[in-house]
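A.B. asks: Given next are the chains, with one letter for each unit.
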Amino acid sequence: MERHNPEIIWQWPTPGRKLTWLAVMGAVLLVLLVLDIALGSVRIPVADVIRILTYSDTGSDHLAWIKIIHSLRIPKAFTAILAGAALSVSGLQMQTLFRNPLAGPSALGLTSGASLGVAILMLGTGSIASTYAIRQLGVGGSWLIVLASFTGSALIMMLITTIAWRVRDNVVLLIVGLLVSNLILALVSIWQYFSEPEQIQSFLLWTFGSLSGVSRQQLPILVTVILAGLLLSFVLSKQLNLLLLGEQYAGSMGLSIQRTKMLVIGSTSLLAGAVTGFCGPIGFVGIAVPHLCRAWLNTSDHRVLMPACCLAGANSMLACDIVAQLPGYHTTLPINAVTAVLGCPIVIAVVLRRRNVNNAGV
Amino acid sequence: MTTTDTSVLRTTALSIGYRHNGKTAVVCRDLNLVLNDKQFVCLLGANGAGKSTLLRTLSGVQPALEGNVYIQQQDIRRITRPELAHKISLVLTDPVQAGNLSVYTLLTLGRYPYAGWLGMLNNKDRDIIRQAAETTGITAFLDKNIHELSDGERQKVMIARALVQDTPLIILDEPTAHLDLPNRVATVRLLRSLVQHTGKSVLLSTHELDLALQAADNVWLMMPNQSMLCGAPEDLILNGTFEEAFRREGFDFNRATGTFSVHKAESHKAIDIHGDAQEVFWTTRALQREGYTITGTAARSVKAYTDQDNKAPRWELRHNDTTTGFETVAALLTHLREQTN
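If you read the protein sequences in the order shown, they are chains A and B.
In terms of our numbering, the first sequence opens at residue 324 and continues consecutively.
In terms of our numbering, the second sequence opens at residue 1222 and continues consecutively.
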């Protein structure tokens, strides 16, 4: 006869607090979205923004506002949401895969890989020489950019995975990622040296990073690619959870390491590549947001972290975009400068808190 | 007459090692090992003897050079990885490094081989997790994150995770290497009771002889000459197998105590000892450390005893009809050193 009743002493951990945080982040997302749409070179009152967004204002008074919101602000805001979510989720996956707290799409050279792809496309092809030319190609050209940047990212990701497999040292991996990244950027600059001024100009504009480069017509492409990447990532949540214990434990539980790696490479390259292709290189979001989510929610469970990173990443990008608008009516700050200013302190804090990057897992 | 094969693990003419660039490096050859149902087997061997290689081969991580490995009478090469995850679970030496990973979440990962793609748990999964946590005594820190635990607690959690995986065989690769003595004893005691109460088999590798001798039903001793000695630990001690095996390596294995003698006896130092059991035991150790051989025919003799008047240990050294008294072992040893120099 059992002496104790297990039902009484046993309490299953409840996901209550974590769900509350996710709901809060969702609410913040809505607020930031409206703010981001309201702010800009033309400031539109929040009340009007909400009315226009909900299609309850069809009056002719605000035709200019309606046009601005629908053709400029909405694409930009949704690009910010997609970019933030995509970079954060790809950073999360990379940190788990490499068991390295400082891994991220920019730190390990994925964004430079994408840059190389885009550079080959923009500088290398004589006939469709510039972004404008590619824009002229419309939807087909956008797919071309996605394809080029995805291929670039995937190649780098495979290279880094191979190196990670041979070298177990976290710091060495980061240094190699940094060097590969620099090497590629150097190749691109050498190439620029021999290119036509117009080509260089459009490429340079691209490297500053911008959320407003995505037009209303291109948005569906970005949405499709990012959603595909996010879906794949969500499906991989459980496998990534196993990888937290290391490859040996994961393998002993029947996980096919090789296949999981390939899928993670695919989804991270898709996410980081597409965002970089459309918006230019954006740093630090991919490293910083996963750490914030883990610390806030006190969990490593990817089934919680995936949605959390999506929401927190989207929020961060919207916040960064709002900050980028702050200087005034005529100029906006380059988005990757803003993410760096806001993201760097977080990354520094992570490094200092761990003291020894090698010693700690994710 | 036929007997049914109750082996959880069996190898026939197994050779293990590595193939690299067409060259073969054999670590161990011609192994015919049997691990039966509800057995606790310790795999012993010096560092670098190939314990890990054997465990990797037995758990299907690396292929055998020659011969076969059978898990529950099934050739391991015919078992897919997901199927194998239902038969063998692992506990490794190095602690898992992951921030913000709660013990509870870690345990749920053990159900991966059984769960659907979302990893949802049903009531049976929960029951198994609860049982594993209660058996291993980790219910108190289920909500904690694993980096907040001590090494001993963390290893208990990893054993609980292996239990959650619910396999007939648990393989542990030096699970006690990073633990202090109390935690080592606790871990082995836990594994021992698992074998007794849950009917699982345990294969544990270690280089700690005394631990293995006390806990194991069977010992597999890996020798440097690529062979393996198998048997119940007491048999291996009593029939002199251990003594012989270690003497070849230059170690002095003491059949009476099941330990190695660290100290080499010096030929001119002989002493007789008698008295109360406890005092004699510890004084003997001190004298052996000094290089003395204990013999009944020595010129010097020590009486070690508990003094009835003040309930404290005392020593009397008798040499050439003079008797000297001592109140500590240290004083006795100092005196002996002065005498012999």
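Careful: at least some of the hints might be erroneous.
Below 20 angstroms or equal to it, Euclidean Cα-Cα: the simulated EDC-like pairs (lysine to aspartate or glutamate) are [as the list claims (entries may be wrong)]:
1. B:K1524 - B:E1548
2. B:K1308 - A:E519
3. A:K341 - B:D1364
4. B:K1524 - B:E1537
5. B:K1532 - B:D1542
Covered, in the sense of this in silico footprint (three residues per stretch, anywhere, with C-beta under 8 angstroms from a C-beta of chain B), are these stretches of chain A [said to hold, decoys possible]:
6. 385-399
7. 435-446
8. 573-584
A partial selection of chain B residues facing chain A, derived with a Cβ cut-off under 8 angstroms [unchecked claim]:
9. N1257
10. Q1260
11. V1282
12. Q1283
13. L1286
14. G1288
15. R1302
16. P1303
17. A1306
18. S1310
19. L1313
20. L1322
21. L1330
22. Y1333
Bear in mind the hints are in silico, worked out from the structure with no lab data behind them.
Where a beta carbon is used, it is the ideal one built from N, C-alpha and C, also for glycine.
A.B. asks: State for each hint whether it applies.
C.D. replies: Taking the hints in turn, this is what the structure says about them:
no.	hint	verdict
1	B:K1524 - B:E1548	holds (12 angstroms)
2	B:K1308 - A:E519	violated (64 angstroms)
3	A:K341 - B:D1364	holds (14 angstroms)
4	B:K1524 - B:E1537	holds (5 angstroms)
5	B:K1532 - B:D1542	violated (27 angstroms)
6	385-399	violated (count 0)
7	435-446	violated (count 0)
8	573-584	holds (count 6)
9	N1257	violated (22 angstroms)
10	Q1260	violated (20 angstroms)
11	V1282	holds (7 angstroms)
12	Q1283	violated (11 angstroms)
13	L1286	violated (21 angstroms)
14	G1288	violated (22 angstroms)
15	R1302	holds (5 angstroms)
16	P1303	holds (4 angstroms)
17	A1306	holds (3 angstroms)
18	S1310	holds (6 angstroms)
19	L1313	holds (6 angstroms)
20	L1322	holds (4 angstroms)
21	L1330	holds (6 angstroms)
22	Y1333	holds (5 angstroms)
Hints 2, 5, 6, 7, 9, 10, 12, 13 and 14 from the earlier list are contradicted by this structure; the remaining hints agree with it.
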